[in-house]
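Visitor: Here are the chains, one letter per residue:
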Amino acid sequence: MEAEIAVFWGCRALSGDLALELSTRVVMEALGVRLSDLRRQACCGEPLRSFSIPASCYLALRMLALAAEEGHEELFVPCSKGYYMMKWSQEVLARQEGLREAVKKALASEGLDMAKLARPLSILDVLGGLVGPEAIKGAVERELGLKAAMHPGCYLLRSGEAYRVLEDLKAVLAAAGIEAPYYAGLVDCCGGTLELTRPDAALTLAGSKLKSAAEAGLSCIIVTCPTCFAMLDGRQEEALAAAGGGKQVPVLYLTQILGLALGIEPRELGLPFNRSPVEEVSP
Amino acid sequence: MSGLTDLMTMAKPNEELKRKLAPLLAKLPDACLQCARCTSGCTAFRLLELKPHEIVACARLGFLDELVSSKAIWDCALCLKCVERCPQGVAPAELILALRNEAAARELEVPEGLSTVLMSIMERGLAFAPRKAVARDGRAYGREDVGLPALEVGLSEAAMMALMELMGGA
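Protein sequences, first through last, are from chains A and B. Per the numbering used here, the very first residue in the first sequence carries number 1; after that it's consecutive. Per the numbering used here, the very first residue in the second sequence carries number 1; after that it's consecutive.
Hints are computed from structural coordinates only; laboratory data are not their basis. Here the structure is a predicted model, which means the values were calculated and not measured. There could be a bad hint or two in this list.
Stated by the list, open to error - Capping the alpha-carbon separation at 25 Å, the derived lysine-lysine pairs in BS3-like fashion look like this:
hint: 1; chain 1: A; residue 1: K104; chain 2: B; residue 2: K71
hint: 2; chain 1: A; residue 1: K137; chain 2: A; residue 2: K147
hint: 3; chain 1: A; residue 1: K87; chain 2: A; residue 2: K147
hint: 4; chain 1: A; residue 1: K87; chain 2: A; residue 2: K116
hint: 5; chain 1: A; residue 1: K147; chain 2: A; residue 2: K247
hint: 6; chain 1: B; residue 1: K12; chain 2: B; residue 2: K27
hint: 7; chain 1: B; residue 1: K20; chain 2: A; residue 2: K104
hint: 8; chain 1: A; residue 1: K137; chain 2: A; residue 2: K116
hint: 9; chain 1: B; residue 1: K132; chain 2: B; residue 2: K71
hint: 10; chain 1: B; residue 1: K20; chain 2: B; residue 2: K71
hint: 11; chain 1: A; residue 1: K87; chain 2: B; residue 2: K27
hint: 12; chain 1: B; residue 1: K20; chain 2: A; residue 2: K105
With the hints as extra help, turn the sequences into a complete structure.
Guide: And the structure:
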């Protein structure tokens, strides 16, 4: 298949998460999806929700309005929080005219039109919908034979029907030959958002998530959200220590594990930037 | 939260603040049945004893000043489980966000992690300061070192002005 979509990377990638961006770019290319970078990228507003809900909604819709202004009908948002914000902010504004008018005025200050917004696409909208499990299956070149712990993450899970999100994620993984069974703790939070307000408790949450995957006998954790990646991969040692110790477990982005199944080299998928023991699952 | 209940013995309901926060909410706390499904699934209950149904109950009674200045509103993990679980569509996590908004507007103390992110957004339009990624070989790589394209990042002056206005001149 051949398709071209605009992409907004989000703060984590734009501030140095190379694993997310490298693996997403190379896997999309392998699957025939051409990405065109949104010309102007900035915060989606998610962390501002604690300070001002209207301001956070403005920043989220601004990305969709910028995409529409650049001529895109859809905007791919690989970051789960960014994707959630783009859906949630529209819900919030639909509730209340006063807020809607305030955000409309804010957008107009840059010549943007609230009536012209691109439609946000999640990683599952692209992999499960646009590309589809059949095409992924057809492109697989390497039998990984893994039983993995999928970690949907709170924001992707709750950006739509949680049940559908889990089914779609499972279908994408199955297409790549990866079994992703239910395990206790499947929908548990990684603590990534709590990290900004109660950092100690956040690490304990991340640690217990890591332990639940290991206790279920699963070989790695697969994440889609860069906040979850930062907690479970980047801060794994501290998280395990906070939860009373435990075995290290490889943590990979969905696009990284897919890339391995597609026969892409670990280096191209940014695997040298994972802190967790990914050599256990990588060829 | 027990401290919160103690404070309430002397508190007066703030109906005006209740009306002020209402437009931010999916549904008024008045719709809450006190079934505590939110608390029974709450991520922060296990670790920090956050009880979202108590927060909703206090809000319903109008004890909002007490909530705004409570430490409890910063214990929420924003995992959104309570939003999914509430049979009445009350969305306790969104009530907590609205209470945090009021705390910020009153310039009460905000946890350091959040203030750092706010400053970063105001400074460069991104939640975090760009940094190089350290690979397993111990070397630090920037996006250009791994062949990623340079991107235009940040908020325009007009967007920053509009943002400040929506934040209430923060």
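Visitor: Quickly compare the C-alpha distance for K104/A and K71/B to 25 Å and report which way the hint goes.
Guide: 34 Å, violated
Visitor: Starting from K137/A, check that the Cα of K147/A is at most 25 Å away, please.
Guide: Holds, because 17 Å separates the two Cα atoms, which is no more than 25 Å.
Visitor: Holds or violated: K87/A and K147/A, Cα atoms, limit 25 Å.
Guide: Roughly 32 Å between the alpha carbons, so the hint for K87/A and K147/A is violated.
Visitor: Is the hinted pair K20/B and K105/A satisfied, with a Cα-Cα distance of at most 25 Å?
Guide: Measuring from Cα to Cα gives roughly 21 Å; hence the hint holds.
Visitor: Within a Cα-Cα threshold of 25 Å, do K20/B and K71/B meet the stated pairing?
Guide: The given pair, whose Cα atoms are some 21 Å apart, holds under the 25 Å limit.
Visitor: Check the hint pairing K87/A with K27/B against an upper bound of 25 Å on the C-alpha distance.
Guide: 18 Å, holds
Visitor: Just to be careful, I want the Cα atoms of K12/B and K27/B compared with a cutoff of 25 Å; is the pair within it?
Guide: 23 Å, holds
Visitor: Is the hinted pair K87/A and K116/A satisfied, with a Cα-Cα distance of at most 25 Å?
Guide: Distance ~15 Å between K87/A and K116/A Cα, so the pair holds.
Visitor: For a C-alpha distance cap of 25 Å, please report whether K137/A and K116/A respect it.
Guide: This hinted pair is violated, its Cα atoms lying about 36 Å apart.
Visitor: Can you confirm whether the C-alpha distance between K20/B and K104/A stays at or below 25 Å?
Guide: Distance of about 20 Å is within 25 Å: holds.
Visitor: Hey, K147/A versus K247/A, does the alpha-carbon distance stay inside 25 Å?
Guide: 17 Å, holds
Visitor: Is K132/B within 25 Å of K71/B, Cα to Cα?
Guide: With a Cα-Cα distance of about 35 Å, the restraint between K132/B and K71/B is violated, given a limit of 25 Å.
Hints 1, 3, 8 and 9 from the earlier list are contradicted by this structure; the remaining hints agree with it.
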